[in-house]
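Number of protein chains: 2
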Amino acid sequence: MRAKGIAPGPPPGLCEPGMDQLPTEFPHQSVTFPEPLPLDCGLALPGITIAYRTYGVLNAEKSNAILVCHALTGDQYVAEPNPETGRPGWWERVVGPGAAVDTGRYFVICANVLGGCMGSTGPRSPHPRRPGALWGVEFPVITIHDMVRAQKRLVEHLGISRLFAVIGGSMGGMQALSWAVQFPEMLFAAVPIAAAAYHSAQNIAFHEIGRQAIAADPHFRGGHYWAQGVRPERGLAVARMTAHITYVSEEALTRKFGRKLQNAEGLSALGEQFAVESYLQYQGSSFVQRFDANSYLTITRAMDLFDLAGEHEGDLAAAFRGARARFLLVSFSSDWLFPTAQSRAIARALNHAAANVSFVEVQSDKGHDAFLLDEPDFHATLHGFLTGCAEQARLA
Amino acid sequence: MRAKGIAPGPPPGLCEPGMDQLPTEFPHQSVTFPEPLPLDCGLALPGITIAYRTYGVLNAEKSNAILVCHALTGDQYVAEPNPETGRPGWWERVVGPGAAVDTGRYFVICANVLGGCMGSTGPRSPHPRRPGALWGVEFPVITIHDMVRAQKRLVEHLGISRLFAVIGGSMGGMQALSWAVQFPEMLFAAVPIAAAAYHSAQNIAFHEIGRQAIAADPHFRGGHYWAQGVRPERGLAVARMTAHITYVSEEALTRKFGRKLQNAEGLSALGEQFAVESYLQYQGSSFVQRFDANSYLTITRAMDLFDLAGEHEGDLAAAFRGARARFLLVSFSSDWLFPTAQSRAIARALNHAAANVSFVEVQSDKGHDAFLLDEPDFHATLHGFLTGCAEQARLA
Numbered sequence: 001m002r003a004k005g006i007a008p009g010p011p012p013g014l015c016e017p018g019m020d021q022l023p024t025e026f027p028h029q030s031v032t033f034p035e036p037l038p039l040d041c042g043l044a045l046p047g048i049t050i051a052y053r054t055y056g057v058l059n060a061e062k063s064n065a066i067l068v069c070h071a072l073t074g075d076q077y078v079a080e081p082n083p084e085t086g087r088p089g090w091w092e093r094v095v096g097p098g099a100a101v102d103t104g105r106y107f108v109i110c111a112n113v114l115g116g117c118m119g120s121t122g123p124r125s126p127h128p129r130r131p132g133a134l135w136g137v138e139f140p141v142i143t144i145h146d147m148v149r150a151q152k153r154l155v156e157h158l159g160i161s162r163l164f165a166v167i168g169g170s171m172g173g174m175q176a177l178s179w180a181v182q183f184p185e186m187l188f189a190a191v192p193i194a195a196a197a198y199h200s201a202q203n204i205a206f207h208e209i210g211r212q213a214i215a216a217d218p219h220f221r222g223g224h225y226w227a228q229g230v231r232p233e234r235g236l237a238v239a240r241m242t243a244h245i246t247y248v249s250e251e252a253l254t255r256k257f258g259r260k261l262q263n264a265e266g267l268s269a270l271g272e273q274f275a276v277e278s279y280l281q282y283q284g285s286s287f288v289q290r291f292d293a294n295s296y297l298t299i300t301r302a303m304d305l306f307d308l309a310g311e312h313e314g315d316l317a318a319a320f321r322g323a324r325a326r327f328l329l330v331s332f333s334s335d336w337l338f339p340t341a342q343s344r345a346i347a348r349a350l351n352h353a354a355a356n357v358s359f360v361e362v363q364s365d366k367g368h369d370a371f372l373l374d375e376p377d378f379h380a381t382l383h384g385f386l387t388g389c390a391e392q393a394r395l396a
Numbered sequence: 397m398r399a400k401g402i403a404p405g406p407p408p409g410l411c412e413p414g415m416d417q418l419p420t421e422f423p424h425q426s427v428t429f430p431e432p433l434p435l436d437c438g439l440a441l442p443g444i445t446i447a448y449r450t451y452g453v454l455n456a457e458k459s460n461a462i463l464v465c466h467a468l469t470g471d472q473y474v475a476e477p478n479p480e481t482g483r484p485g486w487w488e489r490v491v492g493p494g495a496a497v498d499t500g501r502y503f504v505i506c507a508n509v510l511g512g513c514m515g516s517t518g519p520r521s522p523h524p525r526r527p528g529a530l531w532g533v534e535f536p537v538i539t540i541h542d543m544v545r546a547q548k549r550l551v552e553h554l555g556i557s558r559l560f561a562v563i564g565g566s567m568g569g570m571q572a573l574s575w576a577v578q579f580p581e582m583l584f585a586a587v588p589i590a591a592a593a594y595h596s597a598q599n600i601a602f603h604e605i606g607r608q609a610i611a612a613d614p615h616f617r618g619g620h621y622w623a624q625g626v627r628p629e630r631g632l633a634v635a636r637m638t639a640h641i642t643y644v645s646e647e648a649l650t651r652k653f654g655r656k657l658q659n660a661e662g663l664s665a666l667g668e669q670f671a672v673e674s675y676l677q678y679q680g681s682s683f684v685q686r687f688d689a690n691s692y693l694t695i696t697r698a699m700d701l702f703d704l705a706g707e708h709e710g711d712l713a714a715a716f717r718g719a720r721a722r723f724l725l726v727s728f729s730s731d732w733l734f735p736t737a738q739s740r741a742i743a744r745a746l747n748h749a750a751a752n753v754s755f756v757e758v759q760s761d762k763g764h765d766a767f768l769l770d771e772p773d774f775h776a777t778l779h780g781f782l783t784g785c786a787e788q789a790r791l792a
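In order, the protein sequence lines correspond to chains L and E.
Numbering-wise, the first sequence is residues 1 to 396 according to our numbering.
Numbering-wise, the second sequence is residues 397 to 792 according to our numbering.
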């Protein structure tokens, strides 16, 4: 189910061949907004491009649109193969015909986040004032709120004044919360999954490991690796491996690998001795083929800076005071990166702010990644919530 | 309280000045055993040197000796400043006059582990067959059992046929378990603290991050960095930072740092934005001054390979069948690296093997590192256990 009805023009020349040895010049579907985008850091981007995909059909009332927000390393290819990597859409279990987010009923939009590397404006985009150069590490610090403001432009561009729902897991859940707080009149429902209202010290610490590993790679070259024809692949792989451990539960790792030896012949201190090691190394090396290190720095920092309560002198309920959406919060029992307690704190603050909120902790031993995996209870919960909301919203 | 009574000869020339640009040639107190040491990997080391320290006085019956085993990055300077780093002894809270391990009563021995870098034979020692070269990455794969066999030589050298106790936290606890299993007649009591009978898939995964970060450092040079006058400092720092996160609880990180900003002036994706980041970076950079990367590879691998049940077809009780020691197991409630469940599994297996075992879970929010920190309940527990054992053993 590709985009129908609304078909933007051909994508702008974000990544022109030959310019700075970019690895891919795939023409992602996108739209460019020439007006400057003011950022939380005080700077402004002089116009932005947002790459996106849509699925299903927007109804005549334009009332059936669902925005799906992706996580740190996700992209806009939520329900179809990513044309660059050939991998299946990252949420085909959840978004598609007859799925919980039914593309036969809803018009689903998914955009690459600001700061990303799949066609939206980010560190790999051309520097606006230096012909032939890329932003690189000079790309400004952005926040989750900035990402959401960029998405708002896309939503308005598509002629939609009110989204039926904003749904996202992990960093996508942070975006759903930001939508509900920044633009309360623009969404009927919000579904933050495996999310939190702030990034904890431990989360920041794990991100910092990844950033240090990238910066330590000799191919990082102070962030100017593209210009020098190299990429900090080993550092980025270490960053991904570290993050990956935090995405899975100890139980899941044990069930999958336990202490299985990969290489029973001979022992060595380095090398793939245990199966879990070669799995992690695979995770790391496949990731560097599809992700840009500077985007990784930019987006992890945006997550670290997210702190809804901090914006209201520590009072999370105050952050939600103007929220109008119906909320479904979902957490997973074995998620130790965004544990249930953090979703519970959001639910409590929403209750305090007299918001309409459901909260479900799904029993799962798959850890944080559970929101991407086969979790029928989660899918049924989401389906039920959306169906109920559709009735309330009198969606046909 | 320095070593008395037994004074070994001057330390052998392990690290001769000028040889391969070693950073330190500090003459650690040590003893060399010229006989080959057979290793679990099938190879043998052609003689070993063990660096150690003792505290207190060995009594006439030689019945009051306690061996303290150190953790991954520890050393033999348990109760006095490390002469290389100038830092206080790593367990001065627990070992000393009047402390739980009272050096006024017991004769305390602590040795740098085989594979270490504080004077015991390890990757930084001279290669036995290549004059002027070091072992480096060619140092054989060793196990916790190998470390313990090396310690046994030291204990016998000191004229001790039976230790009153073997005590250790984390990897030191693995050594205490190995002592109880390998040499059951040679110890009266064993105290594994914050330990496990095997290294879990998650533990292995975290170690693998560190090893990959070291190997990715351009200064690693395939492990031959000493010969080339460089050191993989950034990789080793990332390894240490990763490990450090696993040593502390989320609560402790939050209490200590929360989301405190280090650098409120201006935002950046890289750099020390949050206090927790600069703390981690300090942990990383101070560590590389005192530790050898190849030792880190060797010792983390030894921990990964530890699996007492695996040696007995998955039956941990079978591993303990011959054990004679009185056991005290200690875990800490917020330790997520070696969680209480793992100590409980050991206690269950020991009960099954009809061993004499006490098990205490200390309530603490300090995480794995709690065994090194100010935890009066833990110290009182240890003191009480040793006092009771001393009575049973009829120690004067």
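The reader is advised that the hints may include incorrect statements.
Said to hold, decoys possible - Capping the alpha-carbon separation at 16 Å, the derived lysine to aspartate or glutamate pairs in EDC-like fashion look like this:
(1) K152(L) to E250(L)
(2) K62(L) to E185(L)
(3) K548(E) to D498(E)
(4) K548(E) to E431(E)
(5) K152(L) to D102(L)
(6) K458(E) to E646(E)
(7) K260(L) to D773(E)
(8) K458(E) to E534(E)
(9) K652(E) to E787(E)
(10) K548(E) to E534(E)
(11) K260(L) to E552(E)
(12) K656(E) to E311(L)
(13) K260(L) to E707(E)
(14) K256(L) to D365(L)
(15) K656(E) to E156(L)
(16) K62(L) to E156(L)
(17) K656(E) to E313(L)
(18) K152(L) to E138(L)
What the hints assert, rightly or not - Looking from chain L toward chain E, a few residues come up when the C-beta cut is under 8 Å (computed):
(19) I204
(20) R234
(21) H383
Said to hold, decoys possible - Sample of chain L residues with no beta-carbon within 10 Å of chain E, all distances over it, derived:
(22) R162
(23) A237
(24) F359
Everything labelled a hint here was simulated from the structure, so no lab data went into it.
Glycine included, C-beta positions come from ideal geometry on N, C-alpha and C.
Do the hints match the structure? See the list:
no. : hint               : in the structure
1   : K152(L) to E250(L) : violated (38 Å)
2   : K62(L) to E185(L)  : holds (15 Å)
3   : K548(E) to D498(E) : violated (22 Å)
4   : K548(E) to E431(E) : holds (13 Å)
5   : K152(L) to D102(L) : violated (22 Å)
6   : K458(E) to E646(E) : violated (44 Å)
7   : K260(L) to D773(E) : violated (38 Å)
8   : K458(E) to E534(E) : violated (39 Å)
9   : K652(E) to E787(E) : violated (41 Å)
10  : K548(E) to E534(E) : violated (24 Å)
11  : K260(L) to E552(E) : violated (37 Å)
12  : K656(E) to E311(L) : holds (14 Å)
13  : K260(L) to E707(E) : holds (14 Å)
14  : K256(L) to D365(L) : holds (12 Å)
15  : K656(E) to E156(L) : violated (37 Å)
16  : K62(L) to E156(L)  : holds (11 Å)
17  : K656(E) to E313(L) : holds (13 Å)
18  : K152(L) to E138(L) : violated (24 Å)
19  : I204               : holds (5 Å)
20  : R234               : holds (4 Å)
21  : H383               : violated (33 Å)
22  : R162               : holds (32 Å)
23  : A237               : violated (7 Å)
24  : F359               : holds (21 Å)
Hint compliance for this structure: hints 1, 3, 5, 6, 7, 8, 9, 10, 11, 15, 18, 21 and 23 are broken, all remaining hints hold.
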